[in-house]
Structure formats: C-alpha cells, structure tokens
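Asker: Protein chains in written order, with my numbering: chain A, 1 to 269; chain B, 1 to 541.
Treat the hints loosely; a few may be bogus.
To be verified - Examples of chain B residues lying across from chain A (beta carbon under 8 Å, computed):
id, residue
1, W20
2, M46
3, K264
Since the hints were made in silico from the structure, they are not lab data.
The model shown is predicted, which means the values in this text are computed figures rather than measured ones.
Note that beta-carbon positions come from the ideal geometry of N, C-alpha and C, so glycine has one too.
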Amino acid sequence: MKKLSARRRHPLAAVVVLLLALAATGGLYAAFAPAGKAQADETAQSLAIDEGKKLYSVGCASCHGSGGQGTTDGPSLVGVGSAAVDFQVGTGRMPAQQPGAQVPKKKVIYSQAEIDQLAAYVASLGAGPITPTGSQVDPAGADVAKGGDLFRTNCAQCHNFTGKGGALTNGKYAPDLEGVSPKHIYEAMQTGPQSMPSFPDSTMPEQEKKDIIAYIKTVNGDESEDPGGLSLGGLGPVSEGLFGWIFGLGGLIAIAVWVAAHTAKAKKS
Amino acid sequence: MSTATETQRKAPAGERVADWADGRLGIYGLAKANMRKIFPDHWSFMLGEICLYSFIIIILTGVYLTLFFHPSMNEVVYHGSYEPMQGIRMSEAYASTLDISFDVRGGLLVRQIHHWAAVIFLAGMFVHMFRVFFTGAYRKPREINWLFGFLLFVLGMFTGFTGYSLPDDLLSGTGVRFTQGAILSMPIVGTYISMFLFGGEFPGGDIIARFYSIHILLLPGIMLGLVVGHLILVFFHKHTQFAGPGRTNKNVVGMPLLPVYMAKAGGFFFLVFGFIAIIAGIASINPIWALGPYRPDQVSTGAQPDWYMGFAEGFVRVMPGWEINLWGHTLVLGVLIPLVLFGVILAALALYPFIESWITGDKREHHILDRPRNAPTRTALGVAWVTIYFVMLIGGGNDIWATHFSLSLNAISWFVRIAFFVGPVLAFVVTRRICLGLQRRDKEKVLHGRESGTIKRLPHGEFVEIHEPLGQGQLHTLTAHEQYKPLEIGPTVDENGVERKPSALQKVRARLSRSYYGENNQIAKPTAEEYKEITSGHGHH
Numbered sequence: 001m002k003k004l005s006a007r008r009r010h011p012l013a014a015v016v017v018l019l020l021a022l023a024a025t026g027g028l029y030a031a032f033a034p035a036g037k038a039q040a041d042e043t044a045q046s047l048a049i050d051e052g053k054k055l056y057s058v059g060c061a062s063c064h065g066s067g068g069q070g071t072t073d074g075p076s077l078v079g080v081g082s083a084a085v086d087f088q089v090g091t092g093r094m095p096a097q098q099p100g101a102q103v104p105k106k107k108v109i110y111s112q113a114e115i116d117q118l119a120a121y122v123a124s125l126g127a128g129p130i131t132p133t134g135s136q137v138d139p140a141g142a143d144v145a146k147g148g149d150l151f152r153t154n155c156a157q158c159h160n161f162t163g164k165g166g167a168l169t170n171g172k173y174a175p176d177l178e179g180v181s182p183k184h185i186y187e188a189m190q191t192g193p194q195s196m197p198s199f200p201d202s203t204m205p206e207q208e209k210k211d212i213i214a215y216i217k218t219v220n221g222d223e224s225e226d227p228g229g230l231s232l233g234g235l236g237p238v239s240e241g242l243f244g245w246i247f248g249l250g251g252l253i254a255i256a257v258w259v260a261a262h263t264a265k266a267k268k269s
Numbered sequence: 001m002s003t004a005t006e007t008q009r010k011a012p013a014g015e016r017v018a019d020w021a022d023g024r025l026g027i028y029g030l031a032k033a034n035m036r037k038i039f040p041d042h043w044s045f046m047l048g049e050i051c052l053y054s055f056i057i058i059i060l061t062g063v064y065l066t067l068f069f070h071p072s073m074n075e076v077v078y079h080g081s082y083e084p085m086q087g088i089r090m091s092e093a094y095a096s097t098l099d100i101s102f103d104v105r106g107g108l109l110v111r112q113i114h115h116w117a118a119v120i121f122l123a124g125m126f127v128h129m130f131r132v133f134f135t136g137a138y139r140k141p142r143e144i145n146w147l148f149g150f151l152l153f154v155l156g157m158f159t160g161f162t163g164y165s166l167p168d169d170l171l172s173g174t175g176v177r178f179t180q181g182a183i184l185s186m187p188i189v190g191t192y193i194s195m196f197l198f199g200g201e202f203p204g205g206d207i208i209a210r211f212y213s214i215h216i217l218l219l220p221g222i223m224l225g226l227v228v229g230h231l232i233l234v235f236f237h238k239h240t241q242f243a244g245p246g247r248t249n250k251n252v253v254g255m256p257l258l259p260v261y262m263a264k265a266g267g268f269f270f271l272v273f274g275f276i277a278i279i280a281g282i283a284s285i286n287p288i289w290a291l292g293p294y295r296p297d298q299v300s301t302g303a304q305p306d307w308y309m310g311f312a313e314g315f316v317r318v319m320p321g322w323e324i325n326l327w328g329h330t331l332v333l334g335v336l337i338p339l340v341l342f343g344v345i346l347a348a349l350a351l352y353p354f355i356e357s358w359i360t361g362d363k364r365e366h367h368i369l370d371r372p373r374n375a376p377t378r379t380a381l382g383v384a385w386v387t388i389y390f391v392m393l394i395g396g397g398n399d400i401w402a403t404h405f406s407l408s409l410n411a412i413s414w415f416v417r418i419a420f421f422v423g424p425v426l427a428f429v430v431t432r433r434i435c436l437g438l439q440r441r442d443k444e445k446v447l448h449g450r451e452s453g454t455i456k457r458l459p460h461g462e463f464v465e466i467h468e469p470l471g472q473g474q475l476h477t478l479t480a481h482e483q484y485k486p487l488e489i490g491p492t493v494d495e496n497g498v499e500r501k502p503s504a505l506q507k508v509r510a511r512l513s514r515s516y517y518g519e520n521n522q523i524a525k526p527t528a529e530e531y532k533e534i535t536s537g538h539g540h541h
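Next up, chain A with everything else stripped away, as it sits in the complex:
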C-alpha cells in the first residue's frame, strides 16, 4: 500500500486510474451486454451482415438509401430492428411494388435465409426489436378468452371483431389476419408496420401477445369453426343483408314465380 500511496501524486496517476476505470467498464459491458450471442458466433454474424448488405444494396437501397439512412421514397431503417425486416420482407410487403396509400401483402421473393441476412444487416445499423424465437410466438397453452378480450380492446377498432380487416382513411386499410403466421402477427405488434401502432413488451407483455395470437388462430385461422354455417366473410350485417336479398328474397321470389306459373288458370289460352 505504501508504494501505491507514494505514487498517488505521480503525474501519470490520473491516466492510470482512467485506464483502469475504462477497462473495468469495458469488461463489465462485454460481460453483461445483450450482444452476448453475437460474440459467440461472431464470424457467422458478420458474414450474415455482409451478405445482408449485398442483398440490401440490390433490393432496398434505391428507396431506403445506401446506408439505410432513408430517402424521400422510403423511411430510415436505423433502429427498426430485425423484427421489422422479418415482418416486412417475410410477408412480401417489401420490396414494395409501387408507391401508394399502403404497401400490400404479396408473394415473398426472398428465402428465409436471405431475409435473416437482410435482418442482420438492418439490425446492425441500430438496435431495435429483435425477431422473436419460435417459443416466443407459440400460442400453445395461451388463454384464448383473454386474447379475445385484449383483441377487442386493442385491435378490433381496425381489424374487425375477428380480424377480418377494415378500412382506414384515404385508401389505407387494416388487413385481414387470416393465414398470417404467429411470428408475423407478433412482429407486427412489436414493430407497428405502416398505419399500425406498435405494442412493445412494456405495454403488452409477451404472454398477452401470445393470447392474442391464440385468439386470432381460433376465430380466423385455417381450423376455426363456423358453428352457424357459411360465415359470409365474417363481415357482419352488410354481407348478411346482401345474402338475404339475393339468395333469401331472390329464392323466395323464384319460388313465387314458379308457384304462379303452375296454377289453374282463370283464362284458357
């Protein structure tokens, strides 16, 4: 201790303390930082980023800028996170076909591996929501009833009671959720694509997102049941009225015409 205290007024003491402090901070950061996984397969990750950058330059840069900084044609991608890329490209929305009120869902043109590379590149531009893992989005065991309640509170205003979609202003719309994968529903809630607000884990925890996914799958999925028969699009009274007029009343009038045509005629002709 004597040695140390003797040198504490040495001209370089401040530098040494600073270095030690920096080393400690850096060491702690390296130990506890969320990018722990990145370290494990650093080479694979940087390879993915490189590949992603190449794909990005070809497919995305014309609108989003060469470094993801955004242009007048497309927003900045700094901080949107890998989840946003996985959603937008994974549902075929990106790359966009044409500008318009809203970019529609269409055929996916990248493979999942390519999407992951793109996502890795965009995630490297700035931290953002991360693509969820399979167990995070798996609705098995979730509370469907609670999901329904949450859905009606948070989602039905735009997506309709059972997620059949609805109109927004000026040609924008909330799409039908039928056939959307649990992962993409989860990512949409996390990132809030286009007109949709985002529901980060701080306002809607992972479990609630799972409940909502479970509800959507139950009422608007491939295996959802329509106990009443044909659902007529699940659009409510408009399609019911149309069906009632055309098939209901139309059918009855056809029967009336048939009955009137097959009767004893008052006039012999």
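Once you've looked at the hints, dock chain B against the given chain A.
Answerer: Here is chain B on its own, set in the frame of chain A:
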C-alpha cells in the same frame, strides 16, 4: 231429411263439428260470403304473402327464443361450452344468447331462422311496397292500406333494431350507442329522452330489459294488429288486377279463395318456411359468439346495423361533422340533419298517394293496375327514391366497399355525397325516358304488329320484314290504360270580363299536373281510328 230414418241417422263427424261451431260462431254466413272470394293471379301478388309468412315464422321462432333468453344486464362470468369466451365477464343477456346458440337444443337453428326471416321480412316488405307503388295500387280506395303497410315497414325496422340489440354483444351495443347519439342530437329534448330511455347514463342497466318488452310485446303487438287490418282491407277492397280482356274496374278475374287459394297459400307458407329454414341451416347470421360481449370501452370496425337501418347509417357516415355552438349549447348538425332526413325520406313514401291525388285531382276508384311505363312520372319518382335509398346503403357500408374493391373510404363518402343530389335527378330523367320509349314501342306494336323476324322479298326486289298483327286480347291489354288530361287553371277572365287571379298554389298544382299528364309526358295511345286506318287499306308499310 225427408224421412224419419234419415233424420235419425247420425250426420258425418265433420258436419257435426261444423254445425256445433256454426251454432256458436255463425261460421256458415262468414264462410258463404268469403269462401268464394276471387283473387287474381300474378306472381307479384305473392310478395305480400312472403312477408306475411316470414312474419308468422318470426313470431313462432321468437316464442321459442323467449323461453331461453334472459333480458338482464346483470354481470355473470361465462362457463358455457364455447371455449373462446371462458371466464369472460358478460351480461346475462349475452350469456343466455351464447347458451341458446351452443347449449339449447335447436337453439342456434331457431335463432338463425328468426334472424334470417327478419332480414327477408323487411326485404320482402320493401319489394312488396314498390310493387304496389309502381303499379299505382295505392290509389283510392287503398290509401289507408298503403299507410298500414308503410307503418308495418317502419315498425318492422324498429322491431328488427331492438331485436338486433337484445344479445348485448359488441356489435349491437355499438348500434345502441349510435342510436343514443342520434337521440342526443335532438335539440332540447334529446338529453331528456336519452336519460328516460336508458334509465340514466348510457348504457345503464335497464336498456336490454326495456328493449325486450318493446321487441316481444309492444311492437309485434301493434304489427299483428296492423297485419290483420291490412288483410281485412285487402278482402274488403278486393285485390287489384292487371288490365286484360274481361277485366274491368268493377270485377275481379281469378280463382276462388277456397279451394284454390287456400291450397296455394297454405302450400306457399310451407315453401317459405322450408326455404328460410334451409337458408338458416346453411348460412350463419349474427354470430354473436365471434363478436364478444358489449363493453363501452371496446369498439370494432365494420360495425353496421342490419340492412334496413343501413340507409340511416349511411346518412350519418357521409354527413360532414358540422356543429354549432351557441350560448353554451351544442347543436350537432352532423347527426341531427341525418336524423331529420331519415324522417323526411320515410315520410315522403307515406304521403306520396295523397300528394299524387292532389296533383292529378284524381279522386276516382282504381282497381286496375297501371303498368309502370304508363305512369312515367310516378315511376321515375319511385326510381329516384330507390336511388337515394341504395346510394345511402352504399354510404352505410362504405368501409366494406373500400376494403373489397380497393377504394378509398374518403372517395366513397364523396361519391355518396354527390350521388345523393345527382343520383335521383339522373334516375328520374333516365327512367322517364325509358318509360316513354316503352310507350312508343307499345304504340308501334299495336299499330304495326309484332316483328316476326321473317324477311320477305317482294317481286320488284324490295326486302320487307313481316309484322304479325297482335291478337285481340293483346291489343286490349296494350291499350286498356286510361290517359289523363292535366289539370287546367281555367280561363282567368270569365264571360263577364271579370278577371280572376289564380292563387300561387293553383298555379303550382297545374304545373305539377302537366308534369304528370302533359303532352311531353305521355305518348298518346293509338286510337281505334288510327288502328283501322293502318290495318284496313294497304296493310303494312
């Protein structure tokens, strides 16, 4: 009865029952007077039957539903058999509707028959009403019956609306909220009516029970009375008929009630019931389990009323959100104007027979129906009304149009706003022209016969198409309609040279009358002389 043995022999059972009933009810006299009542035959005369039968079906199925429905807004936690609602808090009304749908035997089918029959009942009344309108069947002596029918349509709308609200689901609750908004927009009385109706602030705990007694007792009771009155008047006035050989304003040509129409009508009832049951078995209607219980903090897009309230929804959706703030009071024109228009549009329909008879000065009885083309102005007015109605239905479903035809919601609203003014005018002009064109065609057919499609070459090489003359019956049918003269104001100076000043009202009336029966507004039908002139001498030309 001539011999003692015969009188002692027992009469057949049917006769004895009839005799027993006659001694107490006097049915022989009633039956004798009415069993041979004649009804004319036409498919469009069965539209009213569709309405009557669907009304009966609604009552029958409705009785079944009341056995299981709890009209209560008490909160319960659901533990029935529908999985996605487990443990959700809801009103007893909603829970019991879920039970009817999933746990009551035949409940879902009966619910769907009830609801589909209601949709078809209203649609049937609409079409029936316009059959009556376009054929002029509402004219004297049937104006009162027109009003009865009109009231049935309007009461049917409100009965349907209250029934749609009973399950207390998120969709219907939104509709009730919408209605409360419309009530609140009424100046001065709005808030009072709302507080009275809901027993306090919205939604309160009373509205479902109140709607229940309105839906199952008050309105259907009035409607049942009106239906009976409607039918009695049809009997009393006798049914109208289309013009044809042997048919006059003073007779009815057709088949007797018994046995022909009893069999036909009875059979048709079962056809209607069966068909509606099939529809209800195939197609889902109002799947309340998918909608969730009503909570004032929740709302869904795509919330519409049943179709018959859709035009009111349309008015509110496309009306700009104007409001006036004066002395601390708000006048919400964005809702009040649609509410007023709702009343005006319906009132126009109710009052039309009286307006027309005032304009034309026609106070005679009419039992022969008009063909729509022979009353171009009336037909055009009717089509203009229907145009407004359907334009507003587009407005009421604007979000569905937007999503399914990839259109902008705002563009649809603007289309509806413009079409509300332009559409009926356009429809009026086009319809009248079509009517006049069809009158010309009728005239042509009477005078020159039907185009046979056979081409003949004359000796000098000319090609002509052979026109076949119409039969006597067809000639009669095409020329049976009367053509009226417009009202005249009369000379403004009488024989003594005294000037008379016709009132402004008289002038307006004469002008309107010309628009019905003026020279340019109907094609003079061919006269017997014209017909003879053309058919006698040189044949076709």
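Asker: If a hint holds in the structure, say so; if it doesn't, say that too.
Answerer: Results of checking the hints against the structure:
Interface restraint check: W20 of chain B against chain A, minimum CB-CB distance 33 Å, threshold 8 Å, status violated. Hint status for M46 of chain B relative to chain A: holds, with the closest Cβ pair at about 4 Å, below 8 Å. Proximity of K264 of chain B to chain A holds as hinted, the smallest CB-CB distance being about 6 Å (cut-off 8 Å).
Consistency note: the structure conflicts with earlier hint 1 alone.
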